[in-house]
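From just these sequences and the hints, can you work out the full model?
Residue numbers for the sequence shown follow this note's numbering, beginning at 1 and rising by one.
Note that these hints are calculated values from the structure, not bench results.
Please read these numbers as outputs of a predicted model, since none were measured by experiment.
All clues given are correct.
Calculated cross-link-like contacts (lysine to aspartate or glutamate; reagent style EDC-like; alpha-carbon spacing at most 20 angstroms):
#1 K69 to D106
#2 K69 to E101
#3 K69 to E109
Computed spacing ranges between beta-carbons, pair by pair:
#4 L94 to D125: 19 to 27 angstroms
#5 L86 to Q118: 17 to 25 angstroms
#6 L127 to P60: 29 to 37 angstroms
#7 R108 to E129: 15 to 23 angstroms
#8 S57 to Y132: 38 to 46 angstroms
#9 W61 to H119: 20 to 28 angstroms
#10 Y112 to E135: 25 to 33 angstroms
#11 A124 to Q76: 21 to 29 angstroms
C-beta: ideal position from N, C-alpha, C; glycine also.
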Amino acid sequence: MGNGMKSGSGEDPFADVDGGDGDDETEDEVDAVKSATGDEVEVDEGDENSGNGGVSSGYPWLFTRNNAKDGREMVQFFLQQETQQLESQAQADLESMLGEEPLVLDIREAAYQVALEQHLDDVADQLREWGYDAE
1 MGNGMKSGSG EDPFADVDGG DGDDETEDEV DAVKSATGDE VEVDEGDENS GNGGVSSGYP
61 WLFTRNNAKD GREMVQFFLQ QETQQLESQA QADLESMLGE EPLVLDIREA AYQVALEQHL
121 DDVADQLREW GYDAE
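Below you can see the structure in the form of structure tokens.
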């Protein structure tokens, strides 16, 4: 480790995660969109952290990003064992629902975004179960 920090303290746990088989997967996905639509696909590499999900280009973010970390800031995400088990089951369920295996990074961000945008009351209820707002 050449950064002068002890092992694990500053490492990127997703440094080797690029969304599967590398850029080939993204290129294959872009080629699939081209074939399906007959249109050329432009990958916008300007503002990498726009968070718009690729909407401005007209194509879903899955097809316009370079890899799984493209457009994301790294944050540490600690999970209890029970939550990890729920995540594993959700990944299997989502694979059945979508007909393809979604990346854990995508599942986490989608679940987090949906919870914060649409289910904040449920989040508050869970926090109360954990002891918040206790008298």
